[in-house]
Amino acid sequence: MAVNYEKLINDLVQPLVMHPEDLMVKKFSEDDKMLTIQIIVHQDDLGRVIGKNGRIANAIRTIAYASASREHKKISINIDSF
Amino acid sequence: MRKLQFEIKSLDKALDYASQELRINKNVIEINVIEKKSLLGLKKLYKVEAIVNVDPAEIGYKTLKEMFDNMQLDAQIEMKRRNDKEISYSINTTENPLLIGKNGKTLENLQFYIRNIVNLYSDEHLIVLVDIGGYKENRKKQLEILATKTAKEVARTRIEAKLYPMNAYERRIIHTKLSDWRDVSTISEGEGQERHLVIKPKRR
Numbered sequence: 001m002a003v004n005y006e007k008l009i010n011d012l013v014q015p016l017v018m019h020p021e022d023l024m025v026k027k028f029s030e031d032d033k034m035l036t037i038q039i040i041v042h043q044d045d046l047g048r049v050i051g052k053n054g055r056i057a058n059a060i061r062t063i064a065y066a067s068a069s070r071e072h073k074k075i076s077i078n079i080d081s082f
Numbered sequence: 001m002r003k004l005q006f007e008i009k010s011l012d013k014a015l016d017y018a019s020q021e022l023r024i025n026k027n028v029i030e031i032n033v034i035e036k037k038s039l040l041g042l043k044k045l046y047k048v049e050a051i052v053n054v055d056p057a058e059i060g061y062k063t064l065k066e067m068f069d070n071m072q073l074d075a076q077i078e079m080k081r082r083n084d085k086e087i088s089y090s091i092n093t094t095e096n097p098l099l100i101g102k103n104g105k106t107l108e109n110l111q112f113y114i115r116n117i118v119n120l121y122s123d124e125h126l127i128v129l130v131d132i133g134g135y136k137e138n139r140k141k142q143l144e145i146l147a148t149k150t151a152k153e154v155a156r157t158r159i160e161a162k163l164y165p166m167n168a169y170e171r172r173i174i175h176t177k178l179s180d181w182r183d184v185s186t187i188s189e190g191e192g193q194e195r196h197l198v199i200k201p202k203r204r
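Just so you know, the sequences run in chain order C and H. If you count the first sequence from 1, position 82 lands on 82 in this note's numbering, and the numbers rise without skipping. If you count the second sequence from 1, position 133 lands on 133 in this note's numbering, and the numbers rise without skipping.
Hint data in this document are derived by calculation from the structure and do not stem from the laboratory.
Derived PhoX-like pairs: lysine-lysine, alpha-carbon spacing no greater than 25 Å straight-line:
{"#": "1", "chain 1": "H", "residue 1": "K105", "chain 2": "H", "residue 2": "K141"}
{"#": "2", "chain 1": "H", "residue 1": "K102", "chain 2": "C", "residue 2": "K74"}
{"#": "3", "chain 1": "C", "residue 1": "K74", "chain 2": "H", "residue 2": "K105"}
{"#": "4", "chain 1": "H", "residue 1": "K44", "chain 2": "H", "residue 2": "K26"}
{"#": "5", "chain 1": "C", "residue 1": "K33", "chain 2": "H", "residue 2": "K102"}
{"#": "6", "chain 1": "H", "residue 1": "K200", "chain 2": "H", "residue 2": "K140"}
{"#": "7", "chain 1": "C", "residue 1": "K33", "chain 2": "H", "residue 2": "K105"}
{"#": "8", "chain 1": "C", "residue 1": "K73", "chain 2": "H", "residue 2": "K102"}
{"#": "9", "chain 1": "C", "residue 1": "K73", "chain 2": "H", "residue 2": "K65"}
{"#": "10", "chain 1": "C", "residue 1": "K7", "chain 2": "H", "residue 2": "K26"}
{"#": "11", "chain 1": "C", "residue 1": "K7", "chain 2": "H", "residue 2": "K105"}
{"#": "12", "chain 1": "H", "residue 1": "K62", "chain 2": "C", "residue 2": "K7"}
{"#": "13", "chain 1": "H", "residue 1": "K37", "chain 2": "H", "residue 2": "K3"}
{"#": "14", "chain 1": "C", "residue 1": "K27", "chain 2": "H", "residue 2": "K65"}
{"#": "15", "chain 1": "H", "residue 1": "K62", "chain 2": "H", "residue 2": "K85"}
{"#": "16", "chain 1": "C", "residue 1": "K26", "chain 2": "H", "residue 2": "K26"}
{"#": "17", "chain 1": "H", "residue 1": "K80", "chain 2": "H", "residue 2": "K105"}
{"#": "18", "chain 1": "C", "residue 1": "K52", "chain 2": "H", "residue 2": "K102"}
{"#": "19", "chain 1": "C", "residue 1": "K74", "chain 2": "H", "residue 2": "K65"}
{"#": "20", "chain 1": "H", "residue 1": "K85", "chain 2": "C", "residue 2": "K52"}
{"#": "21", "chain 1": "H", "residue 1": "K105", "chain 2": "H", "residue 2": "K162"}
{"#": "22", "chain 1": "C", "residue 1": "K52", "chain 2": "H", "residue 2": "K26"}
{"#": "23", "chain 1": "H", "residue 1": "K65", "chain 2": "C", "residue 2": "K26"}
{"#": "24", "chain 1": "C", "residue 1": "K73", "chain 2": "H", "residue 2": "K105"}
{"#": "25", "chain 1": "H", "residue 1": "K105", "chain 2": "H", "residue 2": "K140"}
{"#": "26", "chain 1": "H", "residue 1": "K105", "chain 2": "C", "residue 2": "K52"}
{"#": "27", "chain 1": "H", "residue 1": "K65", "chain 2": "C", "residue 2": "K7"}
{"#": "28", "chain 1": "H", "residue 1": "K9", "chain 2": "H", "residue 2": "K44"}
{"#": "29", "chain 1": "C", "residue 1": "K26", "chain 2": "H", "residue 2": "K62"}
Build the full structure now, drawing on both the sequences and the hints.
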């Protein structure tokens, strides 16, 4: 059974945001090796999800990356706001 | 436990305001009315207290559990509280190397993420440690061997030695290990990712 990366990332980002209703995690593209995921958050939450020097964003990427590498996939995450 | 007292005109807005100020999700905040003030019989003013009614350590545990479920990994998570300020999680899964990553990079990021989440729910800064399959203990032993070996070399040749870049925790292990040596001194040089330890011979 394949891992649901959208849910994984959604659950990672959810506790960080103050406007959960504006959080959207969508699969952008997918093939055998590469998976691109787009996170869209409320403008006020952007700073929190990215963190100082991008450290939180980096942590989220690393966790997702580790999980994906189990299925020999690469994952790339874009974070943006409205 | 985090608390906040404030005055507000409408109780409907109290939760939104508290969430904004405490920078926390609404569903863990509890609002209690302390006092109801009436001004001129028309305008109402409420004095309320917002309480974040969760245990930060439990939040960390739940976050980890949920994460491993999402990854479809079987994980045993053990939570320990050393005192009021320190929480440590030891994790064991079937895929330990994957979660530790190269040079412990993934583990480091995981710890940073969990520390960040846990501290959202606490008013004082908590120390949060995450370990996977006893990696940190092994790493500590390795680093101490490396430190002793290099220090001996430095003491003998009297030429300083540069170690590869390490994070603060790893550098600290070496500093501590070599702190009582008479022949060498340790110092960290460089910035950010490049920060590394230099072992120098002490002048006699």
